[in-house]
Every structure is written in structure tokens, then in C-alpha cells.
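*Asks:* Sequence:
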Amino acid sequence: MTYDPAVTEARWQAAWDTAGVFTAKRDARPKYYVLEMFPYPSGRIHMGHVRNYTMGDVIARYKASCGFSVLHPMGWDAFGMPAENAAIERGGHPKDWTYSNIADMRAQMKPLGLSIDWSREFATCDPEYYGQQQAMFLDMLAAGLVYRKAAVVNWDPVDMTVLANEQVIDGRGWRSGALVERRELTQWFFRISEYSGELLAALDGLTDWPEKVRVMQANWIGKSRGLQFAFSTVDAPEGFDRLEVYTTRPDTLLGASFAAISADHPLAKHLERHDPAVAAFVAECRRGGTSAEAIETAEKMGYDTGIRVRHPFDAAVELPVYVANFVLMDYGTGAIFGCPAHDQRDFEFATKYALPIPPVFVAEGGEEAALTEAYVPMKSDRVRYLRSFAGLPVQTGDEAVTSAITFCEEKGVGRGVTNYRLRDWGLSRQRYWGCPIPVVHCPTCGVVPEAKANLPVRLPDDVTFDKPGNPLDRHPTWRDVACPKCGGAARRETDTMDTFVDSSWYYARFTAPHALTPTVAEDAAYWMNVDQYIGGVEHAILHLLYSRFFARAMHKTGHLPAKAIEPFNALFTQGMVTHEFYDRSVNLTAPGEATEPMRYEHFLPENVVTFTVGDERFALLKKEVRDAGVDESNPGALQSFMIEGRNRRVRIGPSIKMSKSKKNVVDPDSIIARYGADTARWFVMSDSPAERDVEWTASGAEAASKHLARVWRLADEIAQSVAPATDDDAVLARATAKAIAEVTAGIEGFAFNKAVAKLYEFTNTLMRSGAGGDAKRRAMVVMAQLLSPIVPHLAEDVWGMLGGAGLVTQAAWPLADPALLVEDSVTLPIQINGKRRAEITVPKDMPAAEVEKRVLADDAVIKALAGLAPKKLIVVPGRIVNVVI
RNA sequence: GCGGACGUGGCGAAAUCGGUAGACGCUGGGGUCUUAAACACCCUUUCCUUUGGAGUACGGGUUCAAGUCCCGUCGUCCGCACCA
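Using our numbering, you'd call the opening residue of the first sequence number 316 and step up by one each time.
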């Protein structure tokens, strides 16, 4: 008998299935909902998935053992562009591609032995799912949470589609290479900005979320407090006698030297129509790229409109109004005043256009002088005002801003305004493979919601991707419908929803996945919220913010209870699985040797032999090494072989995220086939803390596998042991209690690497223990229980060998006997002047005075004291003793 | 530029309250078993000028005691970024 995961893992999975142990049930037990971010069905699972789902599985299995009714579901985030791209490139239908990928990935996931309730599985492209999404959309439309407005988008004129910012590379469409145009289209928006303040404030309550994520969301929402006021204009066109601006620095208002408006500002648009020079400048502004570098290097440009505005505190002062390329229409009012003395960007602009630079204040002790750059005081700096609002005390920082707002309000100049950076969420996509937006455009009735009875608005199957653009646009029988209101000829909305909508409520759908309504009140009330959500930090902003908004919108429309407006009680962001990569871009040759380009396409982790020469590591193809009969374990032989075959050498690069393009992907399939799922699970939980990246190494996988085999053999041996009881039985019982306490703490704290380390330690202890057979069997039973969340198949094997009743998966989590956790005696280190010099073992409860006596009698202490009395003697009971000489 | 996190052996890392720095694992070295190997098991692996000394990026400080707290410097990583 040996450890044979290939056989036993399948058997235990079948046993769990038969017993239906993972089916989530509403009952009297407290519930626990653990969810990992659901995958996009790309076709293959990767090690990142394995790590993500294993973490969730450890939590789910642990909580189940602790007596919770656990919900641990799985589904597919199945809409999106890759399916359409596949259809365009290879023919076929996005639907077929997607469902076949789902089948492949499910087949790869099942052997991992995850405790998932597969009866709740769904894909977001199932009409049963997106039909309910459409129903909610209609409710949200009725509630005013969705609206239509014109918005500027990136338009690819060749592919005839809207592109996301990430799909625009150097101003060109990523696929067509065509120059992208900025087009104004009427699109649908969620009114998320209405919730800016609430979404920001509620972050404080998310104490079980990573601080990092909360900070990122707060920055994204971007709250600022400032003054909004109107300049009166001079020589402006009719209807533009006022110009509203927003500023967070009203305290520098007396340093104003110009005003600037966005190229998209209504005034600029008006001028554009009448003045070709403005039109040319505005067109130039709109062409600018949106990438970070483009913005970084873009020169500040302005066009003097000839219009003037009067300073609100001195009508005699007139400031020029520029159209400027750096002013954004969708922040504030799309217009600013410039204070070059105290804002670097304004300073550059003023310098370029020879505008005055009047300072408002100088550093305390400093004199007014020509500035070479804007003076922006630090928080700690003290300043001297040169111009200040009459009667206002001199202040700096936030105080100055606040009192300047109050001052201006009292003088009737504008009002204090809180602004957010967060903009409404545009959800329209001119794409086929997404959830259809359930509205109809009627020439007489306008925009008409589809009748709920007609839901789901199904995607038509008979579409082709041979022409650019959205196939829904040229599908007459789908597109042309009767108006739900008047019955006249109308057109269906052909835009589909952003896939982020799909993922903004799937967690709620899992609570009643097959219901004929989006959610079911009792189920949502029982299962919500998600107690533990686990996923990648790359979703820290968009997905998580949209979900938080959506839960609120669902509550407002009656689809979620009030307690679920923050749907994720705890969030954990896990690190990636990385792997070294085989750097074929560098051709390493001995001096004087000719180089040839390398053409090896098979440098995948499972195909190579690695070895080290000096500080550098190299990889060779396993097949070639074997064919040549070279000793794989001999670095020297490998090195000679490498030098002979000058094209075979590949330098090993640093460990980076696994990706196809780097050819450093370790396929979970091949690992499971070779070692079994438990080895893969054990490995991804060990070594690195869960929130950090973990490096996949062949030696680490090998070691994991060996350890599990060792545990199996140990269980086998202990099961048959007839050794009589010994004095070590009590010692082992204590070690067992300690292992329970520490592994439990590790799992509870998401410190799986520590739990794994404790299990290694406990195994070593048990192997070396001189305890009797019965004592060892008791310890080994606990071992099986402690192992079961992480390596459940092996745990069942061990449980079975020791005669455990039923399945260890269904056994209660072991409790550590508190009495056994307390040691009778403690070993205290003795420090002399803070350095450890000796130790002393004393009974646990020995009084400090008695400990002192013993310490002073210690040889090392006597020697160090050399007959003198210690200056100070510090005894920290149960911890340490420090003798100060 | 703004915001955040982090810096510990050859490597991944532990050290929960300020209290024995390096648990556990990998790698390397040595050994037992074997004709030999594989497997397994055992020992060893922070550094040095080793009766001892130094050491948690660097420089200071607080303390009986600092990886942990405070001040400063350097470095790495991440997020946002023409946001008025």
C-alpha cells in the first residue's frame, strides 16, 4: 500500500458527491457565505485560479466543520469581448466558444476537490441570468437610477465600435490600427455619482477590507471641498454673461491672473461655430492622447478668446479668458481661474503667455520677488500675506480654504461646493456578446422600456461577424419590433451592457440562482452578506465599487434587504502565482563563438532541465538532454552539453506572473496528473503569505508531494502500531493541543502559510514521538482533521485508516483542551544587559521574588556580576529575565 | 506630482502585547541504507578575525529590553494622476 492520489482523490470526490455534503441549505445553523471572484471562461484554468479557489475552499471547509451552514458557489463571468474576437478570428459563434470553454474549465476544476455547491452554478450569458438583470434594469430605470445622455467616446471608424481607453494605443484602435475619433454618442448611464458621498463615507465601516483597497476607492471617488462662483464677462457672446468656475483654493483668489475653459465647454463650442481659429484650436485639443505619457509631455496650450472676466473682488481688474487644453469638461464646471503664483501648472501657462503673476503670500521672513516657480507652501510653512481678504485672519492650509469659502459666501461671491471625481458609469457597449439593454426606440413614444412579460430580450443566435460593427445593428428581425406602448414600428436598442454590470450582482443571484425573479427575499435575507470575499487586487476599484453601488440600487428597487447594501463583509486580496521564465531573448555564448537565433518553442516549465553555473541559471530541453544520454543530475555534464549545442542555452529569468507570452505557465492539469490535487493545494497554501505572490518551483512541488506521502506512511504505520503507553503520551497530547490552537489561528487569520508550517512541525513531532500506539492514533486523528481543509483527500485517507466514522469532511473541528495548552514549567531566557546569556527553567507559577533568587544563583549570572550587586533585576513572569549590571 | 505599502540568511519566510531573531519549507554541504542508484532516514546550513563578537536597508533617539515605538535618510513595489 502506498499513497496513490490518482485513485483516492477521485474516490473521495465521488463519496462527497454521493453524500451531497456541499449542497448549501437554509436551516437553523448560523450561515457562512464564502465567495471567490468568479472566473472569466477563457478556456483553461491556471495556478492563480487554483490558489484563489483553494483559499476559499479552506475557509469554506473550515467553517463547515465549525458548524456553519456554508454557501460556497461557483459561476462564470461569461460575456465579453474575447468571445467575439474568437468568433471574428476563427469563425464560429461566441456562444459556442463560451459554453465549450466553461465545460473545459469545469472539467479542470472538479479534480481539485473544491467544496462547491455545483447545483447553484450559472453563467452570466444564460438568458435565465441576464433576463433577471434586464428586469432589474427596468426597475432601476423607473427609479431614476439609469438615464441617457450624450457622451464623448473613443470611436474606431474601421471596426465601427466604441473602444475603452485601454484599447486605444498611441491614438489608434488596438485591433484596426485606425486613428481613433472622439465621437459624441447618446449612451446609458448609472447614476453612481449620486452615491459618491455615501460610497465614500461607508468605506469607514468596511473594517475587514484591506486598508489599501479602501484608500484606492477613496482616491477614486476623489472628494474635494471648494468654492464655485461666477465671473461676470466682458465682450462675451449673448447668453454667456456669466462664467462659472470651481476652485479648491479660494484663498488664492486675489492672485488670479486669467480664466480658462475646456475645449468642450459650451462657450468654446459656441465660439467654435463662429471663429475658425477657435475651431482649429479646439480640434487640436481634442486630438490629444489620453495616455499617461501623452498627458505628461503635452504642452500647456491656450487660445485667447478676447473675452474678459471681471475679478469678483475688484471689478476694475479684467482677466483674459483662454480655451486651454488642460482643462477638463467633466470636472467642476469645466472652467477655472488661474493663480500662477501658487499653482505650478498655472505658472507655466502664465509664463508662456506673458501673463502677470501676482503673489498672494510669501514665505514668512521672505520678500516679494520675481518667482521662478509657483510657491506652494508646505503644511508646516508659515506665510506672510501680501493681499488678503479684508478682516480675515491670516491662515494657511485647510483653515485658509474654509474661511475663504465662508468669506466669499458672505460677500455673495459663490458658494461652498463639495465635488467628486467619480463620474456616472457609462454602461452602453456597441457589442453583440453582452446583456441586451431592454428598451425600444419608438418614433412616436421615444424611449420605451420593454414590457417585463417580454423578458428576457434574448440575443439572437443567427449572427455573423464577417463585417465590422455590432451584428445586432444589422439584424432586421431582431432589431425591428413593435413599440410596447403604441404598437407602432420601432427599433430595439442594439447596445448591450458593460460586463461589469453582470458581475455587480452575481453574488446576490447565488442565493437563489434558479428563481424567476432576480432574488428571493427569504434567501437573500438568510445568505447575504458575503461573509468572506476573495479575489485579485486588480478589482480593487471598478468591480468592487460598482458592486457596492449596485447593491444599493438593488435595495432601492426592492431586490436586496437593507443589510446588504454593503454586500461584502470581509474582503481578502490574494497574491499571484509566479514562476521563473526562460529568457530566450538573450543568446549566451562563450567568447568568440558565433551566435544564432533561437527558435525553441517548447521551453515550457515541464519540458526543461535547469542547472546553475556560477550566479546564473540555465535551462535545457529535457528531451534533448535525454536523447543525448546526458546525466540530468550532473551540472558539469549539462554545462558541457550546453556549450556544444550552442543554440540550446536559455537563461533563466526572474519569477514573474505566469503568462502565455512568457511561456512560463505551469498547467494545473499536468501538476494534478503528476502529483494529485492535494499537492497542488498544499503548495499554493504554503511558503508565502496569502496576500503576497507565491513562486511556483518544481522543487517546492516535489517537496509538497513528498511531505503528503510521508503523512500517509505515518498514518499507515500508526494505524497498525501496538506500542504500549509511555510517558511521552502526555507530551504528545500537549503537542496536539498546541497544533490545534495554532492551525486554527492560522486559518482564521488567513495565514495559511503559518498553518502549513505548524502542520509540518506537528508531523515532525509525531514522527519522532516515543508515545504509545493509542496516543499516536489520537494525535493522528487530529492531524486528519487539521489537514482536511487544505488537503481534504489525504485527510479522508488518513481518517479512514484510523477507523474514523463517516467522512472527516463532515466531522466537527477539533477543540484544543485549554488545560493542555498551559505548560507546568517555563524556560526563561536570562539576559545580562539585554543580551541572552543563560536560561532557567522554573515552575510556571513561581513568584517573581523566588525567580530572582534562582537567577542570582545561576553560574553565568554569578560570573558576570563578579561579586557586585546588579543595578536592576527585571523579571517578566513567564517571559524573560533581564539582569542590569 | 499625490496617495499607500514594504525593506529580516543563498531563497520563500516566522517572530500576535516591545521580551530567546531566523519557526517551517526550499537550496547547498555531510552521512546512514544500497553492488550502485532511486526512495527513505539522520546531521548541518545568518555572518565573522570563534574562550568570543556582530547582525533585521542606513543614521540617530526612547527603553532594563527595539525587527517591532519615534525622527531622519536611502531603496523597492503598487495605485491614481493636466482633478483646478
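Do not take every clue at face value.
What the hints assert, rightly or not - With a Cα cut of at most 27 Å, we get these calculated DSS-like pairs of lysine-lysine:
{"#": "1", "residue 1": "410", "residue 2": "667"}
{"#": "2", "residue 1": "527", "residue 2": "464"}
{"#": "3", "residue 1": "527", "residue 2": "938"}
{"#": "4", "residue 1": "978", "residue 2": "938"}
{"#": "5", "residue 1": "878", "residue 2": "527"}
{"#": "6", "residue 1": "615", "residue 2": "667"}
{"#": "7", "residue 1": "782", "residue 2": "726"}
{"#": "8", "residue 1": "425", "residue 2": "410"}
{"#": "9", "residue 1": "410", "residue 2": "464"}
{"#": "10", "residue 1": "767", "residue 2": "800"}
{"#": "11", "residue 1": "878", "residue 2": "937"}
Think of the hints as simulated: they come from the structure by calculation, not from any bench.
*Asks:* Tell me the hint numbers this structure goes against, listed in increasing order.
*Replies:* 1, 2, 3, 7, 9 and 11
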